Structure formats: structure tokens, C-alpha cells
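Chemist: As given, the protein sequences belong to chains A and B, one line each in that order.
Counting along the first sequence from 1, when you hit position 81 you're at 81 in our numbering, and nothing is skipped either side.
Counting along the second sequence from 1, when you hit position 140 you're at 140 in our numbering, and nothing is skipped either side.
In short, the hints are calculated from the structure, not lab data.
Keep in mind the model is a prediction, meaning the values are calculated, not measured.
Quick reminder that beta carbons are idealized off the backbone N, C-alpha and C, glycines included.
It is possible that some hints are incorrect.
[What the hints assert, rightly or not] Covered stretches of chain A, as calculated for chain B (at least 3 residues, CB under 8 Å): (1) 58-67; (2) 170-184.
[Claimed, not checked] Simulated restraints on C-beta separations: (3) 124(A) <-> 89(B): 31 to 41 Å; (4) 36(A) <-> 85(B): 33 to 43 Å; (5) 205(A) <-> 136(B): 50 to 60 Å; (6) 135(B) <-> 174(A): 49 to 59 Å; (7) 210(A) <-> 128(B): 32 to 42 Å; (8) 80(A) <-> 135(B): 48 to 58 Å; (9) 60(A) <-> 2(B): 11 to 21 Å; (10) 56(A) <-> 3(B): 12 to 22 Å; (11) 132(A) <-> 19(B): 52 to 62 Å; (12) 108(A) <-> 119(B): 45 to 55 Å; (13) 56(A) <-> 114(B): 21 to 31 Å; (14) 3(B) <-> 39(A): 41 to 51 Å; (15) 111(A) <-> 4(B): 25 to 35 Å.
[What the hints assert, rightly or not] Residues of chain B placed beyond 12 Å of chain A at every Cβ, according to the derived structure: (16) 199; (17) 217; (18) 219.
As a plain string of letters, each chain reads:
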Amino acid sequence: MSELFDLPSDLQHSYFGLVMLHLREALLPVLFGLLVALPLAQLCVRLRWLYPPVLWVTTVLYAIPSLAFFVILIDYTGLSELTVMIPLAIYSLVVLVPAIVDGVRSVPQETLAAATAMGFGPVRRYVQVQLPIAAPAIIAGLRVASVSSVSLVSVGMLIGNQGALGNLLNSGMIYNQPRLIWLSVVGTAVLAVLVDAALIGVRILLTPWMPRGARKNTRTLAKAAAR
Amino acid sequence: MNVLNYIDAFFSDSAHWQGYDGIPTRVAEHIQYTLEALAIAAAVGLPVGLLTGHTGRGGNTLALIATAGRALPSFGLMVLMFVLLGLGLAPVMIPLVVLAIPPILVTTYEAMRSVAPAPVDAARGMGMAETEILFRVELPVALPLILSGLRSAAIQIVSTATIAAYVSFGGLGRYIVDGLYQRDYEKVVGGATLVAALALVTLGVFWAAGRLSVSRGVRRA
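With the hints as constraints, model all of the structure from the sequences given.
Modeler: Following this line, the structure appears as C-alpha cells:
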């Protein structure tokens, strides 16, 4: 059984090590994207005219193929993990910004008025009222962003073996070992599904008042996918 | 030298405009891959999405399929198919189709579900057959959202079709992969610019398609 997960030594990682590397390269950018998207989305909610141009810019940036993005960045950040993570963070914005804007906008006016009447200042109202109500939409966006991030990391293999599990693809080709390629593809897919499931768990924990309906599932997915 | 210089140098070099590695050839190849993959994905995704959306059954299964499709890494899948099937267009098409089906399927389903029940009931009350309801009532109303699903699928294909170059096919990825190995940044940046431009054109095409095909009454609402 252990032979199944044996890797060529030039990868300098165990399979588990690659999995952890993959998680880090995929999820740190999404986290960073979230940190950028939250204030950006709030700005878009406040200043309505800003939203369409922001959407356009993120959509255009998203259309730049990851490989090209990586290679252009080599000039600035070298053959490093950072070169893989910067584009992934930028890609995550195309999903996260609209998800947060929609979520925050969907908070009913009466709820906001009630919060204000109770003496909530703008910051406290945002953190304690708007964000929790927007949480399901935000997490739906995070799910799509994380899953596609996990699958995109593999392309980093092409720039100096920075693709974590994707590095196995190259080894599989040059050593003619389909086993390594299977390990890469199945490992990445399982990782993506696990990350997705973990985020669903987070949502259930964060929003205990939500019904666990299935209908909502496709709707939020569709909204996120329509971007 | 910054990115804009590279872009300028790439497009002003006349050698990049002719022959089998010229911009027109590569753009045509790229469009060909995109259209083929989009056509296959739409041929699978649209009917299934329309039917399940019409009957309202199977939403959970669709969400599951969509997540699974998104979880499969396109690049890894292509290399795997290349090893299993050998040189051919199939190893390139399979990941592109797998990539494009989830957005088409899920948005089509959800578009059909979000049609207001009143007009559908009215149509049924007027004695329209189920297929008539599907094509003459639900579809026109759901069309904007369905188009947005197709659009996002198309854009993802355009940007992902670049990986075809890794298994020796053409398309705009050629410039990026070749440029990477030849340490020719001009080429890489030029290829990336072309792909981004093609994605913008795709956005424009879908915007125009929406203007032409969506009924004015639906657009206003």
C-alpha cells in the first residue's frame, strides 16, 4: 500500500507534504482575496457607480489564462510560490466581490433601520448585522473560489515545479508512470471536494438559523457560476 | 522593459502575423477549440438543465455534479487523458467540456426554476402542452440567465484552452508555452494579451446575443 504513494525523490516531498503544500498554495490566496474583497465590496455597496467598473475589471483579469499570468509574474517574483499565489488571489476576486455585494445588499432595509434604531454605529452594524446575514452568500462565493483555486494550483508545475500536486503530472510524464498522474488528478479532486465540504460545515456553524435546504444550494451556486 | 513594451514589440513584429505560427492561424485554432468544446458542453448541459429545471427534480444531484466537475483539475485531467488516450484532440476536449458543463447545467436549471409560476400556470390553464410551456413560456423568460451561464462557460474555455499547447496542440497557448521555454517574454505577453482580448470579444458576442434574442418585455423586467 505504501508503494502506491511513493514518489520520485527529485520532488523532495512526501505525498502528504505535497497535499499540505497544495492546500497552502490554493487557500492562502483565497483568504487574501477575501481580505481585499470585503472592503472593496463595501465600497461598491456604498458607491453604486463603482460596482460595474469593478465587475468589468475583475472579469477581464479573470480571463487572463493562469499560465500566462504566472509567466508574466516570473519577471517580478521569480520561480516562487508567490508567483502562483498572486494570480489565484486576483481570480478569487471575480467570485468573491459579487458574492459579498449581493449578500450585503440582500439585507432588508427594515433590519438595517432596526439596527440603527438600537443605536448601532455603522461599523458595528456592518460587523454584527450585515456580515452575518450575508454569510451564506459569502461562503457560497468562497466555495467556488476555493475549489477552482485548488484545481488551478497544478498549472504552477510549468513554472519551476511550483504546482504542489501538479508537479506529479510532470514526473508522471517524464518517468512514464501513469500512477503519479492518477495520484495528482484524484488527489486534487478529493482535496477540492473536502475543502468544499469543510466550507459547508463552516456555513452551518456560522448560520445556525438557516434551513438546510437543497434549493438554496443550486441557487447560490448558479449565482456564483454565472460570473 | 515593462509589459506594455512587450505587447507593442510582439504585435509590431510582422513575423508574428503570417504562417502556421502567425496570429491569424493561432486565433482561428483557439476559436475552433472553444466553439467545439462549448458546443459539446451545451449539447449536454442545456437539455439536461432545461428538463430538470422544468420538472424541478434533481437539483441536488445537479449541485453535486457541478461541484464534482469543478473539482476536477483541468490541467491534470488533460495530462491524464493524454497519457491514457495518446495524442489527439480528445485529451484536450474532455477537460474543456468537463470545465464548461457545470456552469451551463446549474445556471440553466436555476434559470428555469426562477421563472414565475403564475405565467406557467396560466399557460397550462390555456391548454398549452408541456413542450409548448417549456419552449414558449419558460425558455424566453429564463433566457438571460441561461445566456449568462453559457457566457461564463465560454470565457472559462477561452482562458483554459491555452493548456492545449502543453500536449502539442495549437491555439494561443502555443505562444505562452513556447515563450516560456524559449525565455521569450514578448511572446508570452503577446499570447496572454490575445487570450484576454478574445475573452473580451466573447463577452461582447454574448451581450449582442442577449440584445438580439431576449424578448424586450423580459429585458425590461
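Chemist: Going through the numbered hints above, which ones does this structure break? Give me the numbers in ascending order.
Modeler: 3, 5, 12, 14, 15, 16
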